[in-house]
Amino acid sequence: MRKLRDKMNGDWFWIGLTDSETEGSWLWVDRSPLDKSFWINGEPNNMGNPPDGEDCAALKVDRADGDLQTWNDFPCSYAARIICEKPPGSAQSSELTAQNSELITSECEVHFSV
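Everything in the sequence shown is counted per UniProt numbering, starting at 1 for the first residue and increasing by one.
None of these hints come from the bench; they were simulated from the model. Fair warning: there could be bad hints in the mix.
What the hints assert, rightly or not - Simulated crosslink set (SDA-like; lysine to any residue; CA at most 25 Å straight-line): (1) K60 x P33; (2) K60 x N9; (3) K60 x P75; (4) K36 x Q69; (5) K36 x N46; (6) K60 x R81; (7) K60 x G16; (8) K36 x L68; (9) K36 x S25; (10) K60 x F38; (11) K60 x G42; (12) K60 x A80; (13) K36 x L17; (14) K60 x I40; (15) K36 x D19; (16) K36 x I83; (17) K60 x W39; (18) K60 x F74; (19) K36 x G24.
Source: prediction; values computed, not measured.
Make the full structure from the sequences, and use the hints.
So, in structure tokens, the structure goes:
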């Protein structure tokens, strides 16, 4: 967890989870329902952002205690980095170059549009 926290540098990352169709019914981008969650205490709360609300989930791994409760809900328009599931057999992160990381990022964005 510490290694991941160091690499993430305190940034928020979209994780491909949204309740934009039905408030409170969280779905992954592949349309599968959420079955295990890691919300920060008091989240998701859809707080303070009417009329659109906070319909997308992001995580931030920066807790020194290693607590896994790292998810928060945000408006989907919030600027955050992206975490994307790579298909089996795709390049490992150590093999990424500036050229193919751009491609992977654009593929993630295509699959995560709300």
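So, going through the hints one by one against the coordinates:
no.: 1; hint: K60 x P33; result: 21 Å, holds
no.: 2; hint: K60 x N9; result: 9 Å, holds
no.: 3; hint: K60 x P75; result: 15 Å, holds
no.: 4; hint: K36 x Q69; result: 11 Å, holds
no.: 5; hint: K36 x N46; result: 19 Å, holds
no.: 6; hint: K60 x R81; result: 10 Å, holds
no.: 7; hint: K60 x G16; result: 14 Å, holds
no.: 8; hint: K36 x L68; result: 12 Å, holds
no.: 9; hint: K36 x S25; result: 13 Å, holds
no.: 10; hint: K60 x F38; result: 11 Å, holds
no.: 11; hint: K60 x G42; result: 15 Å, holds
no.: 12; hint: K60 x A80; result: 10 Å, holds
no.: 13; hint: K36 x L17; result: 12 Å, holds
no.: 14; hint: K60 x I40; result: 10 Å, holds
no.: 15; hint: K36 x D19; result: 15 Å, holds
no.: 16; hint: K36 x I83; result: 18 Å, holds
no.: 17; hint: K60 x W39; result: 11 Å, holds
no.: 18; hint: K60 x F74; result: 12 Å, holds
no.: 19; hint: K36 x G24; result: 14 Å, holds
Consistency with the previously given hints is maintained throughout, with no hint failing.
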